[in-house]
Amino acid sequence: MRILAIESSCDETAIAILEGNGKSLKLKKNAIYSQIDIHKQYGGVVPEVAARKHVETVIPLIDSTLGKNKLKGVDYVAVTSGPGLVTSLILGMATAKTLTFANDLPLVAVNHMEGHVYSNWLSNKELVKDSQKYFPALILVVSGGHTELVLMPGHGQYQLLGQTLDDAVGEAYDKVAKLLGLGYPGGPIVSKLAEQGNKEAYDFPRPMMDKPNYDFSFSGLKTAVLYTLEKKKQVNKQDINDICASFQTAATEVLAKKTIKATQEYNVKSIMVAGGVSANKDLKQVLNKQAKKIDLPFFYPDLKYTGDNAAMIATAAYYNVINKKNNILKNKAIFDLEPRSNWQLSKN
Amino acid sequence: MKEYISNNQAETEKIATELAKELKGGELLALSGNLGAGKTVFVKALGKALGVEENITSPTFVLMKVYNIEYERADKFVHVDCYRLSIQEDLFEIGLGDYLNYDNIIVAIEWADKIANLPDTAIKIHIELIKDDKRKITII
Numbered sequence: 000m001r002i003l004a005i006e007s008s009c010d011e012t013a014i015a016i017l018e019g020n021g022k023s024l025k026l027k028k029n030a031i032y033s034q035i036d037i038h039k040q041y042g043g044v045v046p047e048v049a050a051r052k053h054v055e056t057v058i059p060l061i062d063s064t065l066g067k068n069k070l071k072g073v074d075y076v077a078v079t080s081g082p083g084l085v086t087s088l089i090l091g092m093a094t095a096k097t098l099t100f101a102n103d104l105p106l107v108a109v110n111h112m113e114g115h116v117y118s119n120w121l122s123n124k125e126l127v128k129d130s131q132k133y134f135p136a137l138i139l140v141v142s143g144g145h146t147e148l149v150l151m152p153g154h155g156q157y158q159l160l161g162q163t164l165d166d167a168v169g170e171a172y173d174k175v176a177k178l179l180g181l182g183y184p185g186g187p188i189v190s191k192l193a194e195q196g197n198k199e200a201y202d203f204p205r206p207m208m209d210k211p212n213y214d215f216s217f218s219g220l221k222t223a224v225l226y227t228l229e230k231k232k233q234v235n236k237q238d239i240n241d242i243c244a245s246f247q248t249a250a251t252e253v254l255a256k257k258t259i260k261a262t263q264e265y266n267v268k269s270i271m272v273a274g275g276v277s278a279n280k281d282l283k284q285v286l287n288k289q290a291k292k293i294d295l296p297f298f299y300p301d302l303k304y305t306g307d308n309a310a311m312i313a314t315a316a317y318y319n320v321i322n323k324k325n326n327i328l329k330n331k332a333i334f335d336l337e338p339r340s341n342w343q344l345s346k347n
Numbered sequence: 000m001k002e003y004i005s006n007n008q009a010e011t012e013k014i015a016t017e018l019a020k021e022l023k024g025g026e027l028l029a030l031s032g033n034l035g036a037g038k039t040v041f042v043k044a045l046g047k048a049l050g051v052e053e054n055i056t057s058p059t060f061v062l063m064k065v066y067n068i069e070y071e072r073a074d075k076f077v078h079v080d081c082y083r084l085s086i087q088e089d090l091f092e093i094g095l096g097d098y099l100n101y102d103n104i105i106v107a108i109e110w111a112d113k114i115a116n117l118p119d120t121a122i123k124i125h126i127e128l129i130k131d132d133k134r135k136i137t138i139i
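Residue numbers (numbering that gives the first Met the number 0), protein chains in the order written: chain A, 0 to 347; chain B, 0 to 139.
Hints should not be assumed to be uniformly reliable.
[Said to hold, decoys possible] With a cut-off of at most 25 Å between alpha-carbon atoms, the simulated SDA-like pairs for lysine to any residue come out as follows:
{"id": "1", "chain 1": "A", "residue 1": "124", "chain 2": "A", "residue 2": "283"}
{"id": "2", "chain 1": "A", "residue 1": "28", "chain 2": "A", "residue 2": "65"}
{"id": "3", "chain 1": "B", "residue 1": "113", "chain 2": "A", "residue 2": "202"}
{"id": "4", "chain 1": "B", "residue 1": "130", "chain 2": "A", "residue 2": "268"}
{"id": "5", "chain 1": "B", "residue 1": "113", "chain 2": "A", "residue 2": "50"}
{"id": "6", "chain 1": "B", "residue 1": "133", "chain 2": "A", "residue 2": "202"}
{"id": "7", "chain 1": "A", "residue 1": "210", "chain 2": "A", "residue 2": "124"}
{"id": "8", "chain 1": "B", "residue 1": "47", "chain 2": "B", "residue 2": "25"}
{"id": "9", "chain 1": "A", "residue 1": "210", "chain 2": "B", "residue 2": "88"}
{"id": "10", "chain 1": "B", "residue 1": "123", "chain 2": "B", "residue 2": "139"}
{"id": "11", "chain 1": "B", "residue 1": "123", "chain 2": "A", "residue 2": "207"}
{"id": "12", "chain 1": "A", "residue 1": "210", "chain 2": "B", "residue 2": "12"}
{"id": "13", "chain 1": "A", "residue 1": "177", "chain 2": "B", "residue 2": "25"}
{"id": "14", "chain 1": "A", "residue 1": "230", "chain 2": "B", "residue 2": "4"}
{"id": "15", "chain 1": "A", "residue 1": "268", "chain 2": "A", "residue 2": "133"}
{"id": "16", "chain 1": "B", "residue 1": "130", "chain 2": "B", "residue 2": "115"}
{"id": "17", "chain 1": "A", "residue 1": "177", "chain 2": "B", "residue 2": "33"}
{"id": "18", "chain 1": "A", "residue 1": "128", "chain 2": "A", "residue 2": "225"}
{"id": "19", "chain 1": "B", "residue 1": "133", "chain 2": "A", "residue 2": "180"}
{"id": "20", "chain 1": "A", "residue 1": "232", "chain 2": "B", "residue 2": "139"}
{"id": "21", "chain 1": "B", "residue 1": "133", "chain 2": "A", "residue 2": "201"}
{"id": "22", "chain 1": "A", "residue 1": "22", "chain 2": "A", "residue 2": "322"}
{"id": "23", "chain 1": "A", "residue 1": "232", "chain 2": "B", "residue 2": "8"}
{"id": "24", "chain 1": "A", "residue 1": "231", "chain 2": "B", "residue 2": "12"}
{"id": "25", "chain 1": "A", "residue 1": "191", "chain 2": "A", "residue 2": "225"}
{"id": "26", "chain 1": "B", "residue 1": "133", "chain 2": "A", "residue 2": "329"}
Hints are computed from structural coordinates only; laboratory data are not their basis.
Go ahead and model the full structure; you've got the sequences and the hints to work with.
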């Protein structure tokens, strides 16, 4: 089975071709056009600039990815249809709708966060070979827009155990970077500086850590950093490193503690992390260590698949198809597909 | 113009709840104030008072979230966050056109100072951090 996937939910335009045969996955092509350098100049995302760039890049990117074979051999086209920026989503979707309708192909509507979950399959052959061995899996979904603990009893099945009540953890990283004047995107900068900092220098709060549920809150942690800065008035380089390290430790500790707690209540067979913040070294190290202690396999995506990409969308689509999910559209039904900017993973 | 001093989160929530009671539908609320001022806290309480049943989470990443509400004078509450916008933007270009100027929709925009064409009729809410949990809230 050969799948062409298109992803345009935020500020990357991405195309991938994936082949799967039940036992293994082969990524044939994986192209990403990132707008990050453009948005860096502005210090954030500019929706209409993002939309315009998607328009300019999507067709040339498909052309260069497909080469002269065009759509020959492609069995399904997959597209991200949420969550994300509506103005960005619609461009990838319009492209996918047109391609599938004109070529009489089925269209698979993929949840972007499900793509992040399946970046684990893309990165770990072991999972592809014998998925059942690792279900139910507990997935910690962490990104700029999401912080969720999700129970995955089988392919395409998601039960939300808890989520952030305010800011996502990736958003907290970005906002702390902004408070410290560190630039955009903030996550990688904060974790880099944290390596040179003292993680015990500041005792930041661990919001909701001991509450008997799986919800999170990161807004207060950001505010605690703000109060620290207000009190200090002047900060030197080492202060910044120490704040980054102490902040990261607080965030990781809450995420890891709730994750480990959920593994025990739900008797899971594996732990996975998914989403942009799965690039965070500290989080992976702590989870890996704690998973070892309770003798559970811990999976995480390769660094190259932690950001937005179409390979993970193709992988999610592949498992949607072989498990006969109902988000596969044909003929005129293709045009009924609408973007779902707040599409929750547990409401597939 | 009204000015309030809030000494903690609960007081901020009370001010937001009182404001919600005065809304008739069709309003645009424009919030401003620095990171950590408490804009989201304010909007969460306001939305709750308007009958949003789900937990309102930060819309920073997706720019806006739309909630259906059970409220006698409106049936939708739209929570917008312009934090990620880097330059002054047009209300319509960020995709708000579908939700503005309808009597049955109430819109709250955080970081509204990043909107270039804010209408004069907007209710402006400015939150300022004084010290620790103390805030000054100005509603115009």
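Hints numbered earlier in the text: which of these fail when held up against the supplied structure?
The structure breaks hints 3, 4, 7, 9, 11, 13, 16, 18, 20, 24 and 26; every other hint is satisfied.
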